[in-house]
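Residues per chain, in single letters:
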Amino acid sequence: MISAPYLEVAAIVLGVVLLLVESFSVQLNKRVIAYAALLGLAAIFLSTFFVAPTPAMPHAPLWNFYASDALSLFFKRIALATTALVIIMMLDYAPVVCANIAGATPQAGLGEFFSLPLFTCAGLMWMSSAIDFVMIFVSLELVTISFYVLVSFTRRNPLTLEAGVKYLVLSALSTGFLVYGITWIFGVTGETNLYRIAEAFTRPELESTGALLGAVLIIISLGFKIAAVPFHIWVPDVYQGAPTPVTAFLSVGSKAAGFVVLVRVLQPLLMLPNVRALLVALAVLTLLYGNLAALPQSNLKRLLAYSSIAHSGYLLIAVVALSGRALAFYLVAYLLMTLLSFAVLVLVERHGGCELENFSGLSRRSPFLAFAMLIAMASLAGVPFTAGFLGKFLVFDAAVAAHQYTLVAIGIITVAAGFYYYFKVVRAMYWETSSSGEMIFISPLTRMAIIAMIFGIFFFGVYPQPLFNALR
Amino acid sequence: MMTLGSYLVVSAVLFTIGFAGVLLRRNIIIIFMSLELMLNAANLSLVAFSRFRVSPAGLPEYHAEMLVFFVITVAAAEVAVGLAIIVALYRARRTTHIDDINQLKF
Chain A
1 MISAPYLEVA
11 AIVLGVVLLL
21 VESFSVQLNK
31 RVIAYAALLG
41 LAAIFLSTFF
51 VAPTPAMPHA
61 PLWNFYASDA
71 LSLFFKRIAL
81 ATTALVIIMM
91 LDYAPVVCAN
101 IAGATPQAGL
111 GEFFSLPLFT
121 CAGLMWMSSA
131 IDFVMIFVSL
141 ELVTISFYVL
151 VSFTRRNPLT
161 LEAGVKYLVL
171 SALSTGFLVY
181 GITWIFGVTG
191 ETNLYRIAEA
201 FTRPELESTG
211 ALLGAVLIII
221 SLGFKIAAVP
231 FHIWVPDVYQ
241 GAPTPVTAFL
251 SVGSKAAGFV
261 VLVRVLQPLL
271 MLPNVRALLV
281 ALAVLTLLYG
291 NLAALPQSNL
301 KRLLAYSSIA
311 HSGYLLIAVV
321 ALSGRALAFY
331 LVAYLLMTLL
341 SFAVLVLVER
351 HGGCELENFS
361 GLSRRSPFLA
371 FAMLIAMASL
381 AGVPFTAGFL
391 GKFLVFDAAV
401 AAHQYTLVAI
411 GIITVAAGFY
421 YYFKVVRAMY
431 WETSSSGEMI
441 FISPLTRMAI
451 IAMIFGIFFF
461 GVYPQPLFNA
471 LR
Chain B
1001 MMTLGSYLVV
1011 SAVLFTIGFA
1021 GVLLRRNIII
1031 IFMSLELMLN
1041 AANLSLVAFS
1051 RFRVSPAGLP
1061 EYHAEMLVFF
1071 VITVAAAEVA
1081 VGLAIIVALY
1091 RARRTTHIDD
1101 INQLKF
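As given, the protein sequences belong to chains A and B, one line each in that order. Counting from 1, one number per residue, gives the positions in the first sequence under this note's numbering. Counting from 1001, one number per residue, gives the positions in the second sequence under this note's numbering.
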């Protein structure tokens, strides 16, 4: 049996070793770094199955910061799988990176590009285990700061730098809110551990105004991370400007970790008055804005950004309904379908751009990619027998059980809007004629990853039991 | 005699100045300074809360002071990366004014 903290240590050590290897071996083909990272991530992923989940122990030394319960292990696996898929996308994206970095060698910058996600991954894994505000803050910042570098990585492209600066300012702002919120929670309870804060909230002499101020500030800052309206303003610009694999990483990894922190933090915070009403309001705004603003988009990256906001809304319904099962399943479905669409986008982008017209006639240029995109869009929209459908079904089911009928009604209306903009992409691929007849080359590794994701979407769409078992 | 309240007021004023600076100023360097001010406001109230919450043994609560050290370290890391991005932006665009950084939009 392996102790859970070694998983993060392994990810960090892997990252540091790869960076050192990269800087000391000038002759090395940098793609080797990516393959080594993939192997390492696979090894860590396998070793998560040898960690025995234990309930959180808020009073034991060290374990008052770190929980290795079933939820955290589940989210560690999500983080590892996301990172591995992102690194595969990065391999396809490497020529764009090389073209946009001024360096002495043709492969300058690639080594860092492939090894930085490992540090982000370690941060995401720590976030999923954090049960103390100190730990939450530090791991969140590890993720955020490594994303600063990744988002503005292709620094000869002015759009990327613009996205980097916007991400920098708004993330730092949310950090400020988070720390100030933690301050007030500490000031009222004298604790930073979530379980002991929950104990303190039950005391009758609690100063509930101060606690509520802290709670609101913390929810605002997590709202930035999970892209909930009205804290979503950075999302469309940053998603459009960032290198495409990094956009995929942001929209899946950052969001999954944000939600697991939200779930943990809400355990004490929901004991305060009015916090649930605040979350319902956030969910309604996010659902409406995300789906409606996606309708007129013509740039696929921007469309996926608004779709990512919309999916935050469905995930927030699961949070409001307090259904960890629906939330976890929806996140897995979201991971599969979003990463699948970004994997196709990376390949198509290299032969044109990410406007919708670049997808015209994709079914003739590359039937395989067009089929993969069709599945991704169908699942994002929620067509039956896909994981996206079952995810939405579980979320609405949980909301009905929690008597949140308004949310269910708004959710179902916005799903209809979703069908329109997702199928715009499908129409472009299958019904419009292509402007260029250029064939698209797909590397065997990417082809394998795409097939695996398509399989996952159908498999979990009809047989979700393995995921539920892993949560127990 | 300084009370907890006076520290909290100063900290709230600092936080507000920082937040107003982020919203109103147009130069990225100044915005970045204001963001650091917000973090320092939080640090001040963390130390104040910890100083005024004395345990039965007569010691302050050290949880918050430990968090302060983490905040300082993280803020330093954030500045290192952030200024590098701003310098790269200045090299590419010859400006640090946010009204000129508007190529990405609807």
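What the hints contain is simulated information worked out from the structure, not anything from laboratory work. Fair warning: there could be bad hints in the mix.
To be verified - Listed below are the simulated DMTMM-like cross-link pairs for lysine to aspartate or glutamate, each with C-alpha atoms no more than 25 Å apart in a straight line:
(1) B:1105 <-> A:349
(2) A:424 <-> A:355
(3) A:424 <-> A:349
(4) B:1105 <-> A:69
What the hints assert, rightly or not - Covered by chain A, per the in silico footprint, the following chain B stretches (three or more residues, Cβ under 8 Å):
(5) 1023–1032
(6) 1056–1062
(7) 1072–1082
(8) 1087–1093
All C-beta atoms in this analysis are idealised placements derived from N, C-alpha and C, irrespective of residue type, glycine included.
Each hint tested on the structure:
no., hint, result
1, B:1105 <-> A:349, "holds, 19 Å"
2, A:424 <-> A:355, "holds, 12 Å"
3, A:424 <-> A:349, "holds, 18 Å"
4, B:1105 <-> A:69, "violated, 42 Å"
5, 1023–1032, "holds (count 3)"
6, 1056–1062, "violated (count 1)"
7, 1072–1082, "holds (count 5)"
8, 1087–1093, "holds (count 4)"
The structure does not agree with the numbered hints 4, 6 stated previously, though it agrees with the rest.
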